[in-house]
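**Q** Single-letter residue listing:
There are 6 protein chains.
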Amino acid sequence: MAVVVTKFDRVKPSLVAQFAALGVATVHEAQGRIGLLAAHMRPIFRPAHVVGTAVTCEVAPGDNWMIHVAVEQCQAGDILVVTPTSPCQDGYFGDLLAESLQAQGVRALIIDAGVRDIAALTQMGFPVWSKAVYAQGTVKETLGNVNLPIVCAGALIHPGDLIVADDDGVVVVSRTQVDTVLQMANAREAGEAEKRARFAAGELGLDVYNMRERLAAKGLKYVESLEDASSCKP
Amino acid sequence: MAVVVTKFDRVKPSLVAQFAALGVATVHEAQGRIGLLAAHMRPIFRPAHVVGTAVTCEVAPGDNWMIHVAVEQCQAGDILVVTPTSPCQDGYFGDLLAESLQAQGVRALIIDAGVRDIAALTQMGFPVWSKAVYAQGTVKETLGNVNLPIVCAGALIHPGDLIVADDDGVVVVSRTQVDTVLQMANAREAGEAEKRARFAAGELGLDVYNMRERLAAKGLKYVESLEDASSCKP
Amino acid sequence: MAVVVTKFDRVKPSLVAQFAALGVATVHEAQGRIGLLAAHMRPIFRPAHVVGTAVTCEVAPGDNWMIHVAVEQCQAGDILVVTPTSPCQDGYFGDLLAESLQAQGVRALIIDAGVRDIAALTQMGFPVWSKAVYAQGTVKETLGNVNLPIVCAGALIHPGDLIVADDDGVVVVSRTQVDTVLQMANAREAGEAEKRARFAAGELGLDVYNMRERLAAKGLKYVESLEDASSCKP
Amino acid sequence: MAVVVTKFDRVKPSLVAQFAALGVATVHEAQGRIGLLAAHMRPIFRPAHVVGTAVTCEVAPGDNWMIHVAVEQCQAGDILVVTPTSPCQDGYFGDLLAESLQAQGVRALIIDAGVRDIAALTQMGFPVWSKAVYAQGTVKETLGNVNLPIVCAGALIHPGDLIVADDDGVVVVSRTQVDTVLQMANAREAGEAEKRARFAAGELGLDVYNMRERLAAKGLKYVESLEDASSCKP
Amino acid sequence: MAVVVTKFDRVKPSLVAQFAALGVATVHEAQGRIGLLAAHMRPIFRPAHVVGTAVTCEVAPGDNWMIHVAVEQCQAGDILVVTPTSPCQDGYFGDLLAESLQAQGVRALIIDAGVRDIAALTQMGFPVWSKAVYAQGTVKETLGNVNLPIVCAGALIHPGDLIVADDDGVVVVSRTQVDTVLQMANAREAGEAEKRARFAAGELGLDVYNMRERLAAKGLKYVESLEDASSCKP
Amino acid sequence: MAVVVTKFDRVKPSLVAQFAALGVATVHEAQGRIGLLAAHMRPIFRPAHVVGTAVTCEVAPGDNWMIHVAVEQCQAGDILVVTPTSPCQDGYFGDLLAESLQAQGVRALIIDAGVRDIAALTQMGFPVWSKAVYAQGTVKETLGNVNLPIVCAGALIHPGDLIVADDDGVVVVSRTQVDTVLQMANAREAGEAEKRARFAAGELGLDVYNMRERLAAKGLKYVESLEDASSCKP
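Chains as they are written, first to last, in the working numbering: chain H, 69 to 302; chain G, 69 to 302; chain Y, 69 to 302; chain D, 69 to 302; chain Z, 69 to 302; chain P, 69 to 302.
Incorrect hints may appear among the rest.
One copy or any two copies: either way a pair holds, since identical chains are not told apart in the list.
What the hints assert, rightly or not - Taking lysine to aspartate or glutamate pairs in the EDC-like style, the calculated list, with each CA pair at most 16 Å apart, reads: (1) Lys75 - Glu295; (2) Lys289 - Glu140; (3) Lys286 - Glu209; (4) Lys75 - Glu140; (5) Lys80 - Asp247.
The set of hints was computed from the structure by calculation and includes no laboratory data.
Bound-form chain H, shown alone (with noise of 0.2 Å):
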C-alpha cells in the first residue's frame, strides 16, 4: 500500500521569489550549514540555478511508476524531489517525463539515482541534479509514497519545503524556517560584498577576520625554514 497526499502548504511564490538571486553556499550557510543534499547530486548541465517547492516521491529501485502519479500532484514553481527506496541510478527519467513537467510549470528535478536523454534536456533547458546519467529503462511495478517526507542524499525533505539548487548541488530549507534563513542570508550577502572588495584590494583573510591573534594563541610558529620546522616539531 502506499498514499499520496494531495493538500500540503507550500513556501509561498513571492518568498521563493526572494531567493532566486541566493546560492546554494549561501542558504546552507544562512541556515546553519545544514540542509545540504550530499557531493554526488551533480547538474546535468551547468550553469543551472533554480529555486522551488518541493513535491516529494518514492520510487523502488528501477520502477518509475511513480514519478508519472507524482507529476499529476505538481503545481508551477514546484521542484520534484525523488529519491528511491534503495541505492540504484537506473534511468528513471527522460524527455518525455521533462516535456510532461515543463507543462505543468515544475521547474527542475532533484533525483537520488539516474537519469537520461540528457542531450534533449539540455536543449530544453530542462535541469536536473541526479547521482548518475544512465540510459537503464525502468518497469512501473510497484508503489511508492508521494508527498511523505523523505530523505534524499542524505537530506530530510518535507513537501513543500524549499529547494534551491545550483553549480554547486542542492540544499533544502525547510517550510517553517525560511524566513529566517532569508534575512539570514540576504546579511550574509551584503557582508561578502564588502569582503570581496577587500580581498580584491589585497587585503587578508588573516586581517579581515582578525585571525592573527587567535591563530598564535594555538600555538602557530613562523619559521624560515624547513629546518627551523624540524626543530620546533613536538
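Use these hints to put chains G, Y, D, Z and P onto chain H, whose structure you have.
**A** Showing chains G, Y, D, Z and P alone in chain H's frame:
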C-alpha cells in the same frame, strides 16, 4: 599467446547509417533493455553521438600495446572498443593514437579505462567514452587478443556488433539483431513523437498511459493530509 | 602546534614560463612517469591549463582556517596546493578566497577536497582542480602546517616545486629536476610533431614504432576467424 | 550554538526485550521495508545482535567532542547513534569511550564514520556498526546537537526510537510504530518457520508461494535449449 | 517476455570433483588468467571453498522473483549464479531460499548484488559470494531469463560452466575448456609444491625463476645509497 | 631504468621491540596524528599485530616482478611495503611469495593493491594488509625502484622506517622520530590506563577531561524537550 582475428562480419554501413538519428536510450529500450555499458562510461565532451561497428581489443593493466595492433584491424566506420583484463584507469590513449584512428576513418573510442590529452581530443572532435581521465602513461610489454568477443564495462561485445554512443552512455546491439532492433527503435521513436505532443499540451502520463485503474488496484490511496496518510499506513 | 615556513626556493619564473605550452601528460612522461596526482583531481571548468610554483597547506577535515594563513605566503605565480589530514570533501574554498588569491597573483588552487561557488569561480576564470564540488561549509579551529612537504592526492609535493595542471589532471615536478624535465619534455614534443604527421598520413603505430617483430616474438598470431582463434588457444 | 535535549520518551524496556530474538531483515520487512541504514554500515565483529533505544548525536567532521556530551545522556539499554555533519571516516571512537559506554549500560554504537581500537572493542564484546575502521584521531572544537532527530546513513532516527542491529546491518523502528511492528514481525517469524520446514522437505518456492500461474501470465516461457530461447525472443 | 532454458550440458560430476582441491588463483592461472569475477565478490564467511556447475539467473533490480524460478532448474552439485540487469545491492536472498537450495543439493550462491540473513546462512554452512550484505527486501514483479548466458561481475558465464569459489573470490571455467584447464591446473600445483620447498629453504625467486640476467638487461641497477640512486636516475 | 638501494639505516631491533605492545592508534596519536595509511588498507585476518622496519618496493600495475627483487633486500624483522605506480587491485602476492618472505624472517606485507591465496596465508599466519583480495595474476615485465622513498596509500615511507600494523590499519614512524614517538606513546598508554579505570567506574569524559565549562562557553544549551530546542535555534 594471443590472437588477432582479421576477418569477421560487420553490420553493413547502410544499416549502421539508419541508426544515426537514434539515441542510446531508444536503442536500449528497443532491444528489450539489454546491452548497456556501465554508467561509469562517460563522454569526454558533450554533446557527442556516434554509431559504428565494433573492433574489440583486450589490454593488460597499464599496457596499451595492443591498441596499436587493433588500429590496423580498423576500417572506416568502425568504433574501437577496448577493455583491460583487470580494472585500470591509466591513460591508455591520447592525441597521437586519435590522429591515427581518425586517419583510418574510425569514429570513436570506447574504453573501460583512462584516456589523456582530452583537450586535444576535444579540439580534434574525436569522441571518447571512458571510465576515467588520467594522464598516467602505459607500457608496451604484454599481448592481448584483438577481435575476440569481450566483456567491456559489463556488456558482452562481439567484433562487428553495432555500437551506439551519446551523452547518456554506450549501448551495443548484436550484429544478428540489428534489423529487428532498428524496426523496434523506429517504431518507438514514432510513438514518442505523438506522446511528446500530448505531454506538451499538458496531458498527464497517468492518462496517456492509462495508469489510474492499475494504481488503484495495487492499493494506491489519495489522502488530503499527512495525518490521514499515517492513519492508513499498515 | 603547527608551523609556517616563510622562505623556500621556488622554481624561477623564467623557467616556469617555459612549461606554459606543455601539457600534463607530456611532463609526466618526460620525468619518467612519476608525479601525477590521483585521477579524482578534476578541473571545475574546461579547458584550463596553468603552470606555477607550489605553496603547500595542510588542513584539518572540515576546517579551512589554514588556507587563510597560506594565502599570505603566496606570491604572484604561485599555485596553492591544499591537502586535508584525513579524507574530506567539504567545500573549503569559494569565491571570496578566490578573489583574495587572484589579488595576490596566485594562478590556481589544487585541493584534495571540495570547493564551492564554482559558478562564480568559472566566471572569474580562477581555475581549481579538486576532488569534489560541495557547498558544505567549514570551521576555523584547528592548525595545520604551511609549506612543509605534503602528500596531496597520492603525490609528494614540496613548496617551490613546479605544478602543471590541465584538463587531464595535475602533475608535480620536483624543483631539483625542472631543468632536466624541461629538456626531455621539449624533446618529446618535438618527436610527437613528427609522429603526428605520420599518423595523419595514415601510417600505423605498428610501423612508426617498429613493433611487428617484437609482437611476433612474444607470440602474437593472426588468424582469419574466431574458430581459428579457438584452435590456437592454449 | 547547539542543543542537548535531556528528556524524551524511549520505547519501554519490556517492549524492547521482545525484539531480542528478531533480526534486522524480519523487522525491516515487518514495518513495510523501511528504516534500513545504508549497506556500508557493517559490524566490527560477527556474530553480533543488539536491540536498544536510540540516543542521537551529531558530530563535526574529524571532531568527536559531542560523543562525550552524548554519553551523559545515555541510560542502560540505550544505543548511541552518531552521524557526522558531512561525510567522514575518521576514528571517532575507541576503547576508552567504549569503556565509558559499557559502564553506563549502553549496548552498542552505530556510527556513520570510522572507529578504532577494534581489537580491544572485540575483546570487550562491545558491538559497533560503522562505515569504516580507521585509526585517525579527532579534535574537540565544534559543537553539535544531541537528541535531535538525525539522518544517519540515510535513515531518519529520533531519540528514543528502537534500533535493531545484527550481522545484516541496522534498522530503526519509530517509537510510535513499535507495537504494530512487533506484532507483524512475530507473525512473519511464525509464517517463516512453517515455510522453512516445507523448503527443507524439498518443496519449491514456486509452489509454496503459488507463483506458476502469474509467471505464465506475465509471459515466462520454458524452452529446452538455447536455440529455442533465441527464436522466441522479441 | 523471458525464457527458462530447461536443458543444457553440465560439466560431468566426476570432472567437477577433480577440481575440489584446486583454488581460484590456480584455476585462473591455469586457463590463461581469464574468467575471474570482479574483486567485489566476497564470501559471507571464511574459509569457504566450493566447486559446482552453473545455473544462471537474471533478476530485475530490487526483484528476486526469478530466483524462485531458477531453484527448480537446479540439480544436486549446481551453483546458482545470479546477476541483476542493472547494479543493485538489495538483499535478494536469505535463509529460506538457502534452505530451499540446500534441499535441492545446490552448493552455493554467487550473486552480484546483496544477501541477508548471513548469520543464519553462516550457521547453516551455506556459502554465498556477493557484492553486498544488505537486509533490503525485494519484490516479485518482473521476469528475467534463466539459463541464458550472462555477464556476472564482469565475467561471461554459460549454464553448465564450472564455477570455483574460495576465499579469494570466484572464477568460471567454460564447459568446453574444463579438461584442458584441469590438466594445466594440476601441472601448476605440482610445480608449486617443488617451488614452495625451495622458497621454504631460503632460496630466492630471483634464482628459482632465474630472473637476474633479464632484470639487468632491462636496466636494473643496484646502488649502495639513496644519493647514488639519484645520480643514476634519468 | 630503475634502482635498488642495498644499504640504508633501519630502526634498531631493540627499539622496534619496544613498540610490540603499542597499537596503531596510540602510535598515530603519539606522533601528532600523522603517518596513517588510508582506511582501505585492511588485514586479511584478525587479530593481527606486527611491528618491523620497512623495505619499500614500487611495482607497475599488474606486474609483480619487483617483489622478487625486493625479497632479496629484506632482513629478518623487516616488513615489505609495496605500492603500485598507478592504482591496481590485482593479486600481486600469494602463498609462494609468503613462503619466501617467511623464510627470510620478514614479518608482514603491506600492499596498496590486491593479494591472493588468503586462505593459505591465514593458515601460515603470515599477516598482510592490502587494498583488495583478488586472484588476478600479474606479469613480470616492468622495472620499478626498490628502497627509494615511496607514497603508499597516501603515506610517505622511507626504507628503514618503523611500521606498526594492527586490526585498525597501518602507521609509519619516521626512523628519525622513533625515539621521541616511543616516549610519547608510552606516556600516552600510561595515561590511558588511569582513565580507563575512571571510565569503568562510571565517571564521564565530561568530567575526566573537564569539558563542561568550555562547552558552555562555546554555546551548548541543555533543554528538556525538542520544542525547547527549536525555540533556541538561531
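**Q** Run every hint past the structure and note whether it holds.
**A** Results for each hint:
In this assembly of identical chains, the alpha carbons of lysine 75 and glutamate 295 lie at most 16 Å apart only when taken from different copies (11 Å versus 68 Å within one copy). Within a single copy, lysine 289 and glutamate 140 get their C-alpha atoms only as close as 62 Å, which misses the 16 Å cut-off; across copies the closest is 14 Å, which meets it. In the homo-oligomer, the alpha carbons of lysine 286 and glutamate 209 lie at most 16 Å apart only across protomers (9 Å), although the nearest pairing inside one protomer, at 60 Å, exceeds that limit. Proximity of lysine 75 to glutamate 140 under the C-alpha cut-off of 16 Å is restricted to the intra-copy arrangement: shortest distance 12 Å within a copy versus 42 Å between copies.
Taking the shortest Cα distances, lysine 80 and aspartate 247 sit within 16 Å of each other inside one copy (10 Å), while across copies they are farther apart (39 Å).
When held up to the earlier numbered hints, the structure conflicts with none and fits them all.
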